[in-house]
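Make a model of the complete structure from these sequences and hints.
Below are the chains, spelled out letter by letter.
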Amino acid sequence: MSQAETTAPILIKEREDGILIARMNRPERMNALGGGLREALEAAWFEFRDDDALKVMIITGVGDRAFCAGADLRENDKKARELGAQSAQALLDAQRSAAIAPSFTGNNFHLYKPVIAAINGWCLAGGCEMAMGCDMRIIERHAKMGLPEVKRGMGAKATTHKLHFLTYLASGLEIVWTGDPVTAQRAVELGLANEVVPTGQSVERARAIARDMCRRPLQYVRYHKERFFQSIGVPLDYALAMEQRFPPHETEAYREGLKASLAAKLPGWPAN
Amino acid sequence: MPLLNTKAEGNVFAVEIARADKGNALNGELQRELAQAWRAFEGDDNLRVAVLAGARNVFSIGHDVAELAADPSRSPLPDDAMFALHTTKPVIVAVEGPCYGLGFELALSCDLRIAGEGALCGFADSNLFVPYRVATVLLPRMTFVGKSLDLIMSGRVFNAREMQEARLVTEVAATGAAAARAMELARGMAQRFTNAQAFRKRNIWSLSGLPLPAAMNLARLPRG
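Going line by line, the protein sequences match chains A and B.
Here the first sequence stands for residues 1 to 272, where the numbers follow the working numbering.
Here the second sequence stands for residues 1001 to 1224, where the numbers follow the working numbering.
If you are wondering where the hints come from, they were derived from the structure by calculation, not from laboratory data.
We treat Cβ as the ideally placed atom computed from N, Cα and C, and that holds for glycine.
It cannot be assumed that every hint is accurate.
Computed footprint of chain A on chain B, listed as stretches where at least three residues anywhere in the stretch have a Cβ under 8 Å from a Cβ of chain A [unchecked claim]:
1) 1064-1074
2) 1114-1127
3) 1132-1146
4) 1157-1164
5) 1209-1217
Printed below as a string of structure tokens:
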């Protein structure tokens, strides 16, 4: 850590009010998850989750070439050779532990605060998986998303449930089976991304959305995401019954919000 | 003076929210009248399909904030009976203009949505700290999880086309024509309507989102 202070860190973190912007800074390797980037990301998810002052996180890549190209295969290969030279068991153990990376993609470790991916370029394999694990994806016009694992005889491990959530079966299978990257526009059509913006503008757009989210009570945002995820895959009546437990009128945020609502004017409100 | 106009047109039950001077805000009285209307619809064998619309090209701006602010100790959570979800017969909603918050939830609880070109749907009031319980359950069953999170976390308002892209409306009509189109659709459905259709509506809602093997097993059970 200490020597990284002198040069630019591998994950550049900026705080702006309640927003944490994390930029993957390894452009020469298309921001692939090696050289300590994976570990830095893991730490950042926890930092964001556990810091009550932070409300929204934006994740993006440095440069305009790549958001993140996924695992660093060159580095993985080198590591595997070194371990394999030690013993077959060492290699097996390393493979097993690498298969478990619970926090890496954000949406499976009780992180209920919003994370927005600002996709500034190639978004492939593990990078695509990470973007899919975020809550919203803003993609730049030149960027492409894809899961090319199938072309290299690798499995796209943690992607299937996310594809199902985001695109449902028909397009999900197209994406994993062909391995072909899709254009930004197609990504939005398939449900992979939320919005296309011109090149260079994804962070700015994500920031505007994040600022809007910051105006909402954190408890409100957290509640809805948590309930979404917990209501999937359970019977409807049970999911509805689970919703009965939140007494908003006992919170200060509710009373403050009512006052602000009275003064606010919504778009399309009929003129009196 | 009721805030909800209901009228039987043949086999179609037409329900209109008639509180346009307040943006068709759903105050306690309107919620009660909606619950009554669904009970009446469910209990009358002559009524086969219902159409819900808002008066004067406004669907509903949602909660009646003024009423809630008058007594902040009162829970803003609505009575679930105001939602059309539990009826066994089809309910079509015509959405024109603003359709926000609780109004949007009400529209989502119907089976088919026809939107006028000028419809605006979403959780627009970023100040209102109210859990949208029914929407959190229904949205991820109806559209992509990414779209659901976009709607509810960013509070972004979707226009009619975006709603259609998200598969949340079945059809977009010209501004002002949604209710007429919904009535046309309802008359056609009323002719074909049988009890088997009610059975399917219940199955579709209650089985959606379940793990596939569980859903297939439940679908085989006889249901009353």
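Right, here's what the structure says about each hint:
For the region 1064-1074 of chain B, the stated coverage by chain A is satisfied: 7 residues place a CB nearer than 8 Å to a CB of that chain, which reaches the threshold of 3. Residue count for the region 1114-1127 of chain B with a Cβ under 8 Å from a Cβ of chain A: 6. That meets the three needed, and the coverage hint holds. Residue count for the region 1132-1146 of chain B with a Cβ under 8 Å from a Cβ of chain A: 11. That meets the three needed, and the coverage hint holds. Residues of the region 1157-1164 of chain B with a Cβ under 8 Å from some Cβ of chain A number 1, which does not satisfy the need for three, so the listed coverage is violated.
Proximity of the region 1209-1217 of chain B to chain A, defined as three or more residues with a beta carbon under 8 Å from a beta carbon of that chain, is established by the 3 residues found.
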